[in-house]
Structure formats: C-alpha cells, structure tokens
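Whenever a hint applies, use it, and build me the whole structure from the sequences.
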Amino acid sequence: MRIGLSSALEHETPEEWALRMQELGCRSVVFPVDYTAPENVIADYADAAHSHDLMIAEVGIWRNVFAIDPKERREARQRAAGQLKLADEIGAKCCVNVAGTYGGPLWDGGYKTNYSKECWDMIRDYTRGLLDEVKPARTKYSLEAMPWMYPSSPDEYLKMLEEVDRPAFGVHMDVVNMINCPWRYFFSDDFLQECFDKLGKFICSCHLKDIRLKTEYTFQLEETYCGNGSLNIEKYISLIDQYDKDMPVIIEHLDTDEEYISSLNYVKERLKRADLL
Numbered sequence: 600m601r602i603g604l605s606s607a608l609e610h611e612t613p614e615e616w617a618l619r620m621q622e623l624g625c626r627s628v629v630f631p632v633d634y635t636a637p638e639n640v641i642a643d644y645a646d647a648a649h650s651h652d653l654m655i656a657e658v659g660i661w662r663n664v665f666a667i668d669p670k671e672r673r674e675a676r677q678r679a680a681g682q683l684k685l686a687d688e689i690g691a692k693c694c695v696n697v698a699g700t701y702g703g704p705l706w707d708g709g710y711k712t713n714y715s716k717e718c719w720d721m722i723r724d725y726t727r728g729l730l731d732e733v734k735p736a737r738t739k740y741s742l743e744a745m746p747w748m749y750p751s752s753p754d755e756y757l758k759m760l761e762e763v764d765r766p767a768f769g770v771h772m773d774v775v776n777m778i779n780c781p782w783r784y785f786f787s788d789d790f791l792q793e794c795f796d797k798l799g800k801f802i803c804s805c806h807l808k809d810i811r812l813k814t815e816y817t818f819q820l821e822e823t824y825c826g827n828g829s830l831n832i833e834k835y836i837s838l839i840d841q842y843d844k845d846m847p848v849i850i851e852h853l854d855t856d857e858e859y860i861s862s863l864n865y866v867k868e869r870l871k872r873a874d875l876l
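Taken in order, the sequence shown gives residues 600 to 876; the numbers are from our numbering.
Everything hinted at is true.
Quick list of in silico lysine-lysine cross-link-like pairs, DSSO-like style, CA-CA up to 27 Å:
{"#": "1", "residue 1": "670", "residue 2": "684"}
{"#": "2", "residue 1": "800", "residue 2": "734"}
{"#": "3", "residue 1": "734", "residue 2": "797"}
{"#": "4", "residue 1": "867", "residue 2": "800"}
{"#": "5", "residue 1": "797", "residue 2": "716"}
{"#": "6", "residue 1": "871", "residue 2": "834"}
{"#": "7", "residue 1": "797", "residue 2": "758"}
{"#": "8", "residue 1": "670", "residue 2": "711"}
{"#": "9", "residue 1": "684", "residue 2": "758"}
{"#": "10", "residue 1": "813", "residue 2": "834"}
{"#": "11", "residue 1": "797", "residue 2": "834"}
{"#": "12", "residue 1": "834", "residue 2": "844"}
{"#": "13", "residue 1": "758", "residue 2": "716"}
{"#": "14", "residue 1": "871", "residue 2": "800"}
{"#": "15", "residue 1": "867", "residue 2": "844"}
{"#": "16", "residue 1": "844", "residue 2": "800"}
{"#": "17", "residue 1": "834", "residue 2": "758"}
{"#": "18", "residue 1": "716", "residue 2": "670"}
{"#": "19", "residue 1": "834", "residue 2": "867"}
{"#": "20", "residue 1": "684", "residue 2": "800"}
{"#": "21", "residue 1": "711", "residue 2": "758"}
{"#": "22", "residue 1": "844", "residue 2": "871"}
{"#": "23", "residue 1": "834", "residue 2": "800"}
{"#": "24", "residue 1": "800", "residue 2": "758"}
{"#": "25", "residue 1": "734", "residue 2": "670"}
{"#": "26", "residue 1": "844", "residue 2": "797"}
{"#": "27", "residue 1": "711", "residue 2": "813"}
{"#": "28", "residue 1": "734", "residue 2": "684"}
{"#": "29", "residue 1": "758", "residue 2": "734"}
Just so you know, the hints here were simulated from the structure itself, not pulled from any lab data.
Listed below in structure tokens is the structure:
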C-alpha cells in the first residue's frame, strides 16, 4: 500500500510539494495541476513525483458529463478528455470521475433518474466513447462509486466493466461511498470482503476515510475522518495488500493541512500497530 493525501498541502514549487509529501511518509499523490496548466509546469510536477518515489495515483475530473445545461455538459466532457489525456501522459494509475447525473442541478446529486435504464446506457456509451477517443495506454479511466448513482454496488460495477468492455476501464474503490444502507454499515467487514472478492483485480486506486451512524431519525450515515467512525481500516488495508502491495490509498475530504497531516499520522500509527505499514 502507498498512502497519500488528496490535498497538495501548501507549497510554492513542485520540488517543495514532492519533498514535503515524501517527508510526511506519503508514497502516492493526487496530481495537483490540471490539463490546462503550462506543459513545463505539468512536466515539473511529474518529474518531482517520480524523483521522490511518489506514485501518481489519480488525475481527477470531478465534473458532471451529463449536466442538464448544455454549456456545463460540453465543458465537463472537454475536461474529461483533457484530464484523461493528461493522466496517460504522466502515467497516473487512473483518471477518475463520478458517473454523472442528468436528474437535477447538483453535479454529484442523488436523483431518481440516476437509476434509470436510460442513465445506465448513457454511462456505458459515454465511457466507451471517451476511451475510444483518447485511447489511453498508460492509465485507466475509472468511476468513483457513489451512494446514489451508478455504480453503487460491487455487482453494478462488475456489470459496468463487462458492458463497457474496454481494457482501459478500471475500478476506483471508495468503499465508504457504497455503504448506503443498514446492512452494509453494520456488517461492513462482510461488505469489504465482497467488494474485494468481486472487484479486487480491477482496482486502480482507493480512497480512505471513515463512516458513522448518526443518532437522529431516520437512518442517516455520515462520512467522517479516520478513527471517528466504524470502518475496519485494518481489514480494508489488508484486503488491498492481497491484490496490490503498491496500491495507492488516498486520504480525502478534510479541510486544512493540519487535519490532513493529523489524519495521516493517525492512520500510519494504527497500521504500524497492526503490522500493515
């Protein structure tokens, strides 16, 4: 496992960024600039990562390629193609996005139409088209699973892999995003096992965070920082290691540099005690 942070933390130069990540004990990174950056800036960040043994885990898209607004949709698809080309150029493990929704204004929102056959077919056909357009050879395009859009389960992801049927389509594993019901929450160890039994050989990169049940009605789950929830982090990492001991594992969704560093240190200490680091 190669642990990393979704934040680039405060820095002034690519060398400073890479050195700081290395000194913190990170061994993977999310690429901190996008495809619109000058070529020399992209090259400097890529070179700094490689020289400090930092695997480039992800290039993120994070736009709704099915947006209702035509301009938003067009710009999202332009970004998706640009980011996928960038990921391939720098040899990132994957280029990742959520599948997208055309059911409402939120780019990553939950809507009834997200579970329609029409939406499923759109995701499949768009993914095929993007991969056929860019033809990545060094990276994989992947979808981050979400609680309220496809793919929201291991079986849905397996079916999407089969229907897309492109070797450059892989799996981005965010198991917390798929814990969206009481069974998956209370029996999360079993769900972790199911995820890796079905998807393990296709996984390119993983996210790391925690989840907890809120006490008020009705059933509400809350994403939280590592150690503030119920996820069996040790089991998660041990399953990752069974499939790829160099798998990038990215801590995400914190607000400040201090929170990221604190969470990183907590996870490292916990994994050391379990002899997983």
